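J.: Put chain B on the given structure of chain A with help from the hints.
First to last, the protein sequences are chains A and B. According to the numbering used here, the first sequence is numbered sequentially starting from 713. According to the numbering used here, the second sequence is numbered sequentially starting from 713.
Heads up, some of the hints might be wrong.
Note: identical chains are not told apart, hence a pair may lie in one copy or across any two.
In the BS3-like style, the derived pairs of lysine-lysine whose C-alpha atoms are separated by at most 27 Å in a straight line are [stated by the list, open to error]:
1) 718 <-> 869
2) 719 <-> 869
3) 719 <-> 737
4) 764 <-> 786
5) 737 <-> 764
6) 764 <-> 797
7) 786 <-> 718
What the hints contain is simulated information worked out from the structure, not anything from laboratory work. The structure presented is a predicted model; accordingly, all values stated were derived computationally and were not measured.
2 protein chains.
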Amino acid sequence: MDANQKKTALRMIPYGLYILTSKGKDGTTAAATVNWVTQASFEPPLVVVAVKADSQPYAVIRSAESFVLNILGKGQESVAYAFFKSVESDAQQIGGQPYRVGRTGAPILETMPAFVECRVIERVEKGDHAIVVGEVVDVGVAQEPEGRPDEAVLSLKELGPRIFYGG
Amino acid sequence: MDANQKKTALRMIPYGLYILTSKGKDGTTAAATVNWVTQASFEPPLVVVAVKADSQPYAVIRSAESFVLNILGKGQESVAYAFFKSVESDAQQIGGQPYRVGRTGAPILETMPAFVECRVIERVEKGDHAIVVGEVVDVGVAQEPEGRPDEAVLSLKELGPRIFYGG
Numbered sequence: 713m714d715a716n717q718k719k720t721a722l723r724m725i726p727y728g729l730y731i732l733t734s735k736g737k738d739g740t741t742a743a744a745t746v747n748w749v750t751q752a753s754f755e756p757p758l759v760v761v762a763v764k765a766d767s768q769p770y771a772v773i774r775s776a777e778s779f780v781l782n783i784l785g786k787g788q789e790s791v792a793y794a795f796f797k798s799v800e801s802d803a804q805q806i807g808g809q810p811y812r813v814g815r816t817g818a819p820i821l822e823t824m825p826a827f828v829e830c831r832v833i834e835r836v837e838k839g840d841h842a843i844v845v846g847e848v849v850d851v852g853v854a855q856e857p858e859g860r861p862d863e864a865v866l867s868l869k870e871l872g873p874r875i876f877y878g879g
Numbered sequence: 713m714d715a716n717q718k719k720t721a722l723r724m725i726p727y728g729l730y731i732l733t734s735k736g737k738d739g740t741t742a743a744a745t746v747n748w749v750t751q752a753s754f755e756p757p758l759v760v761v762a763v764k765a766d767s768q769p770y771a772v773i774r775s776a777e778s779f780v781l782n783i784l785g786k787g788q789e790s791v792a793y794a795f796f797k798s799v800e801s802d803a804q805q806i807g808g809q810p811y812r813v814g815r816t817g818a819p820i821l822e823t824m825p826a827f828v829e830c831r832v833i834e835r836v837e838k839g840d841h842a843i844v845v846g847e848v849v850d851v852g853v854a855q856e857p858e859g860r861p862d863e864a865v866l867s868l869k870e871l872g873p874r875i876f877y878g879g
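Next comes chain A alone, as it looks inside the complex (with noise of 0.2 Å):
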């Protein structure tokens, strides 16, 4: 198998942008950008986000068996920068962004278009990454938008031409 080869194709496989939170079961808050997503079921409702195994959001979702995918809208390029990084929280805000406590405990951050809080079901431990696989048990949707829905997402490429990220 060609390394480039590889690299090419799983990089034609195209992402939207989102900050995954989590709340530990100690309290520790976990926030970082992430764009491995998809749904994977409709009843239940499922969806699945791989996220870096020996990362600390992973370490919190495990604790807290929940956590909420923020959708990042157009325009909001700076603060999927701004969590690539680990950023500080407290009780008002995460990273400078507001919050409130969804259902699970996890935080839903209040400047995004939409959330989807989950319960995590599954997770599978095979990689750099361990798929977890989270039944959707809210969402919320603070603009309807006007068109495609999947239109209104901030996508992984409008990070710029040589912007590439996993996880």
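T.: Showing chain B alone in chain A's frame:
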């Protein structure tokens, strides 16, 4: 959880389009258009695809323990539509598309810009679609994209303003 908000929030996740192919141990060929796909690890390279649990393609993948994601390119809308239905196949073609046999035995369609061939390493059956985790064992890029690779793939949204699909 509001049903319309759930639909809208989950439809914000953007997708590419792929023809999923597999050949079962009894020789049965499966081919279907899918969109619920994400990479899930760099090392080993893993992808996740959600496949309708009660479908013929999923039965074939369970038997074969392998599959190919044939990545649709810009302008291949008619191929995506053709494989929404079940198609005829023989030793030369599947649904009118010529193919060769990949190293796992799964068919590789020869008219697509790229393919990702996988060995199934895990399946999660918790919803109306099964989550299939594949380790990438081969790839091919027939046409090196000129710009970003994720600009070269056919997107779900290109099928038209009202077309949504899952699986």
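J.: Look at each hint and say if it fits the structure.
T.: Hint check:
no., hint, verdict
1, 718 <-> 869, "both (19 Å within a copy, 25 Å between copies)"
2, 719 <-> 869, "both (15 Å within a copy, 24 Å between copies)"
3, 719 <-> 737, "neither (38 Å within a copy, 30 Å between copies)"
4, 764 <-> 786, "within (25 Å within a copy, 31 Å between copies)"
5, 737 <-> 764, "within (20 Å within a copy, 35 Å between copies)"
6, 764 <-> 797, "within (13 Å within a copy, 37 Å between copies)"
7, 786 <-> 718, "between (29 Å within a copy, 20 Å between copies)"
Checked against the numbered hints given earlier, this structure breaks only hint 3.
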